[in-house]
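S.K.: Here is how the chains run, residue by residue.
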Amino acid sequence: MLVVAGARALAGRRVCFVGIGLPNIAVALAQRTVAPEIELVYESGVYGARPARLPLSIGDPCLVTGATAAMSMVELFGYYLQGGLVDVGFLGAAQLDRFGNINTTVIGDYGQPKVRLPGSGGACEIAINAGEVFVLMRQSARSFVERIDFRTSPGNLGGAALRAAQGWQGRGPSVVVTDLGRYGFDPDTGEMVLAAIHPGVRVEDVRAATGWDLRVADDLQVTPDPTAEELRLIREELDPDGVYVRG
Amino acid sequence: MAEDKVASMRDAVAELVRDGDTVAIEGFTHLIGFAAGHEVIRQRRRDLTLCRLTPDVVYDQMIGAGVARKLVFSWMGNPGVGSLHAIRRRVEHHDPAPLELEEYSHFGMVGRYAAGASNLPFWPLRSYFETDLPRVNPNIRPVASPFGGEPVFAVPPLRPDVAIVHAQRADAAGDTQIWGLTGCQKEAAFAAQRVLVVVEELVDEEVVRADPNRTLIPGIKVDAVVVCPRGAHPSYAQGYYDRDNRFYLEWDRISRDPEALAAWLDEWVHGTRDHAEYVEKLGAERWAELTPAPALSGPVDYGDYR
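Taken in sequence, the protein lines are chains D and S.
Under this note's numbering, the residues of the first sequence are numbered 1 to 247, in order.
Under this note's numbering, the residues of the second sequence are numbered 1001 to 1306, in order.
These aren't lab readings, by the way, just hints derived from the structure by calculation.
It is possible that some hints are incorrect.
A few chain S residues facing chain D, derived, Cβ under 8 Å [stated by the list, open to error]:
id, residue
1, E1092
2, D1132
3, G1183
4, D1242
None of these values were measured; they are calculated from a predicted model.
Even for Gly, the Cβ is constructed at its ideal location relative to N, Cα and C.
Chain S on its own, in the form it takes in the complex (with noise of 0.2 Å):
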């Protein structure tokens, strides 16, 4: 019988996300985990170091709310609307307080897991030739192949001490089933220390093995499965719920104002107890306009060999 590693998102955040923590939430627009950062900002974590390539309204969330003294990242904006303000105003005028930054591109942040993720020192790219990059980031390198031909730049390993991975479903252990974009959960998962997998459904382990190519996520590298409905919102999963971009919208006002952003989260975060308040909070209206028709993908036969 595999270990069983369900466990509730206070009790999972408390235990995996420590003060200074390297934190990795990823997910590429799609299964963002808002439901896992709120809980980080619910827990006052402090002096986080928030690896993302897109840190988009998840991170502006979680800057504004004081959790992170360093962002590393390839792209920071509110995907399809503008800017982030509240890492703006850190940034362009240390309101609060400044915040570090380490900046990539989005290979360079794809390859820096991928090197993580499969213990190398470094990850080499066609990138990065004849721009500022690497003047403003040490980090990004120049290096001739042992091989010959012309040079490629090099980015060291990211390593997270805890990554947070929201998706579709896993089963007790952890293993856990993506289907869409798949970004690169994968790649941060197996190069971080911790990994938090956050589901929209727990699953039977036989579920996850009538599927086996779907899996993105061993248990084995999984440390809590905690199961939280919608827990991607304002984000999509994939065939679960649409994005709502009503809320990214509402964003840009909201975090304009620091005065608004800590109304939000007195009202959003401190102020609910759990992620299922949040999502009753939005309303069975709100979720309705979100729900996608079904697009089925036809069932493959894996063969049995017995």
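Here chain D stands alone, though its shape is the one from the complex (with noise of 0.2 Å):
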């Protein structure tokens, strides 16, 4: 549900950055379905990305076979990201609060780090520079929280006045998509809000799954099951030896 949510988030978007792990699936869902015009970016360094696999990394040859063009990690981030060419930054993150901000850097101090996770790598810039921002992550309460250990890609700061009055290019984040639910961003406070929650999922369970007090749009949805050509693309085509989806 979290891949199929992620990928009809794209519906269209035409320049899409595409960040490390799941969201790598999400775009080649999207490609195949909602969004067969859009173009990939990976940090890599590449742009218009056609790949006949699913890609094992971001770094993938096939990423490269069939591409619209291969360049040097200068050009990707300064003139394709920094330039202003990409539309939606797909970023993953271990930590997310309420206004969006993310945390892939530490749990816990960062002298002394109880988790040390992998760092910002592209995210940092692709956060500040994209036209916009989706988060595609697994929920829980320790992951949905109060206060992220460190802040490696800012989102909506301590609220939207506060992103705005910063004079980026990018907008910052609009759409979180976990494997509960997705949630927009409130356009006044920056905060997010539970737009749809997936089948079988309850607000209780969002709401347990969630480290402060949620906010849940007035006209909640419920995510349209998954199409039985979004299965078949998933489980035959894209993911057959289940390494980005169980079941």
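With the hints as a guide, bring the two chains together.
M.R.: Here it is as structure tokens:
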């Protein structure tokens, strides 16, 4: 459901910067369903990828074969991302707060971490320079937290007005998709609002997996079930070995 | 006649990589210099500062083997698999010793090499605003533009003592060509004092001159050329072999256990004379699985202007 809802959120988007992990399969599904015209950008230095198989990583050789362009990372980050060509940055997160600020650096204290996470990669500059940011992650009270341990990539900071005052090229986070539901952001406060729950999930399940007092949209939706075609693509074409998606 | 820089891996590493050096082995998922990294382990270098955007399995192996005291990076992980356990043990538990970290984002690291390569005092970028990264790394500093407008962040040049680049092909003078992902190998090589190029194939100078757009590094920047087919395994070389994902998955298990890691190093690095023996030990069947079908680029016409 996480992958399917993530893919659907890309409908109508033109240029997507693909982060490592789950975003990888979500964009591959989107390219085959709701967004056939989407151009995939990978920080490894690829624009316009048409991968013939599901990439094992964001630097997989299948991203280069048949792509529109392969370039150095100076060009990728400088001309494509900072130059303003990327509509959507698709990121993962270990911790997220109510304003969509992202931690992928450490759990605990930086100098003496409980868990050392990968770090920024390109996420910090994507969060600032991509037109908007989608976050795709598994949700629990440990990952949806009141206060993140380290701010790796900025979301709406302490609120929408604070983000807007920065004058950055990117508008910030607009969609968060988890295994429980899909969220939008209140344009006035910059706070996450639960917009849809996935089939079989109850609002109280979502509250229990959220570390703050969660806001729920008045017109809360239920995510439509995955279509037979979406399931077929994931199970038979994209991830037959269940690398990304179990069950 | 151009200088012949072809050397054995043993001699090239012995001469170009010294204890205490700042070493960059780049290659973004593609063309990672594993064979060179293994030779550094075999020769038991110490106190290295290892630089790399994405410390992955090769740096986990090197750091697990004890060659490094410091890591300069922007994303650490076993790509598509999970964590690097040898590095995490040193960071989280100081086991067997602490590891100093100096951390940037990808564009910050790329910009540091680019500043080093072009002899600039810093590289400006639109990143790091309102994050904790400048707080933990004083080398990331805000700077005002002399032409007005909003501030940007600056990172200092990175000038490694030695850069190691794995490539598809080079000629004996070190003129080096790469296709597929080029990461920031060009920037790292131009920024470095010494450059070691490791190639899948040694080619005639005419092959390079027939396709100058594909040249990443000219021989004038290169100190030694080592011919080492399949030297990027378990990473891949576009058009030559695929990533050996089975090994990346196995490494997750090996590196969780310090004893298993030491046993792996003994068997596959110290226990092999050179990379050719490592390649042979992997077996022909494994290599057959990793060989892609061809997908040739169309030729272009540069024109003959005599």
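S.K.: Run through the hints listed earlier and report the numbers of any the structure violates, in increasing order.
M.R.: No numbers; nothing is violated.
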